[in-house]
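Peer 1: Below are the chains, spelled out letter by letter.
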Amino acid sequence: MDTFIEYLESAIKNILGNKMRTALTMLGIIIGIASVIAALTIGNGMARYVGNEVDAIGGNVADIYLDMSVADRGFNNDDIREIKDNFPGVSATFYDNEYGISSGPRGAYDTLITAAGSDYQKSTLTKLETGTYFTDDQVDQGARVCVMMKNDAVRLFGTADALGKTFELSVGGSSIELEVIGIRENWSEMISKMIDMETDSYTAMIEMPLTTYARAFGKDISEFHSVEIYWDNTQPGTIVKSIVRFVENRLGLRGQDAVYYMSMSDVSGQVDSIMGAITAFISLVAAISLLVGGIGVMNIMLVTVTERTREIGIRKSIGARTKAILFQFLAESAIISLMGGIVGVIVGIAGAYVGCILLDLEPVIDFKIVIGATLFSMMIGIFFGIYPARKAAKLKPIDALARN
Amino acid sequence: MPALVEVRDICKIYNPGENEVRALDHVSLTIEEGEFVAIIGQSGSGKSTLMNMLGCLDTPTSGIYLLHGMDVSHMSDDEQSDVRNREIGFIFQGFNLIQSLTALENVELPLMYRGVPKRKRRELSVAALEHVGLGKRMTHKPSELSGGQQQRVAIARAIAQAPPILLADEPTGNLDSGSSREIIATIKNLYAEGRTVILITHDPGIAAQAKRIITISDGKIAKDEINENFTL
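Quick note, the sequences are listed as chains A and B, same order. If you use numbering that gives the first Met the number 0, the first sequence corresponds to residues 0 to 403, in order. If you use numbering that gives the first Met the number 0, the second sequence corresponds to residues 0 to 231, in order.
There's no promise every hint is true.
Unchecked claim - Subject to a maximum C-alpha distance of 25 angstroms in a straight line, what follows is the list of computed BS3-like cross-link-like pairs (lysine-lysine):
1) A/322 with B/219
2) A/121 with A/83
3) A/121 with A/12
4) A/12 with B/210
5) A/12 with B/219
6) B/140 with A/18
If you're looking for bench data, these hints aren't it; they were derived computationally from the structure.
All chains should be modelled from the sequences, with the hints used to inform the complete structure.
Peer 2: Okay, structure coming up:
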């Protein structure tokens, strides 16, 4: 143990004796480790950001679809009742989308209408900020009420405090006056941009009772080819598949692949795996630079061995064993790489922070990666140090001494 | 009681085959403990090869080398390292000090390889440096010392571990005449204290300082005589 520490001390002394060269050698490792850390940290931050966004759109929600070329009929209210009765903790509703125009005191805007039952409030859009959602009773009665986004309220009425205010909604030739009873929080910037991109212009979004919508605009709501279901957290994620099987049986479509579903949690999984692949690719590129850094260490250690051949000869002539020389040179390359690794971790974390701030992400520093990268840098030093160190240790003292 | 050094019929042949060079050609010699031997020869005579054999830095093509009666001519690298460490104190022409280490650290080095604990090592090294008159230069790097001082550091390194044999290879070859005299005086003192000294040189004037003079020529021992004029 004593000699071990002394060998380390002597290695550090040698390294410090050649500061410029050590710094340049370390640079390769620093860049390698820093880019791995930065890539993984920014990648994790992105994955988390996208994951949060996707979760915000829909967690425990799925849409079940019927292939109408196979099915005899669409879903009706009885189907919804049966699903609810057979699966406690599950609710379901139909919904329909239509584009219309909202006209308020401050102007008229293209509007995406979602007409649904009261259960649609479980659809994980944004939180209701003020007011209430429409109730089953309001849906049954065909009440002329709606829920809208805060932004849209500001556009239509000039104020977010729009509860109780009314505006005109028209689709085709028909129009209806609706009262605002609930205001939702705004979408995150990313989603608003996505929506605007899809519709080419500013589009307001409102939700209204399905019955009101059907009466006002003459829509048929007796059958739908899709139903949206919601389940609470006590239910397993596999509940969607059970419901799909239940629906297949009920509609006599077993084994015909006519019922399918789409769930945001699946999308979220896909997004995660795409982000994972991107992060892995960037890390691979970074790892290649780390490899180049390692070869740099090997190169310098080979130069060092050549330069210090005489020293090695002296050491061996006065009794150094092969292992002592081997250890001396391995310790030097390991320490150079380890120091480079530590600096690289610091630079990498700093770079990741700057990158995350520029990209408006939350930096996610994974300490497993930090510790792993540090240890890995040391392993690189040992791995790429082995060849030069062996070369040094195998020198015959007589040959080594003969060289000047 | 076996002799300290016994070389039996050693040959060292380079490039075996058509252009072979017989650096040592059936050399036998015995050196007893406490002797002061000079090995003299022209360059190319084989004296350096003999010194490498005696110092366990090289292995013979044939023949054996017994140190304390133990065959050290057919050992592994590490075993030879251990023998060099325990049995032989080297004094080289070019001093062979490690430039990045201080005088004291250089002297400590063989003791470190032997596994002597730090405190004991320091004690022995300081004593050795004081013995050669460098007690005040211990923290100097070799580059800060004169040639004579560097050679005295090397001598301190050779004697710190009290090896049975001091092997000096042209110890004054790189020194001016004043420093040479000092170094020879130091080596003579070490002999007087009871150490076995083997001195390799091409200079008859240096060789004449030893008690026994072995002349080597063409890889063979030409003369092996006691120096009648030896004085301490």
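Peer 1: State for each hint whether it applies.
Peer 2: Hints, one by one, checked against the model:
no. : hint             : verdict
1   : A/322 with B/219 : violated, 37 angstroms
2   : A/121 with A/83  : holds, 14 angstroms
3   : A/121 with A/12  : violated, 67 angstroms
4   : A/12 with B/210  : violated, 44 angstroms
5   : A/12 with B/219  : violated, 46 angstroms
6   : B/140 with A/18  : holds, 19 angstroms
Violation of the numbered hints given earlier is confined to hints 1, 3, 4, 5; the remaining hints are satisfied by the structure.
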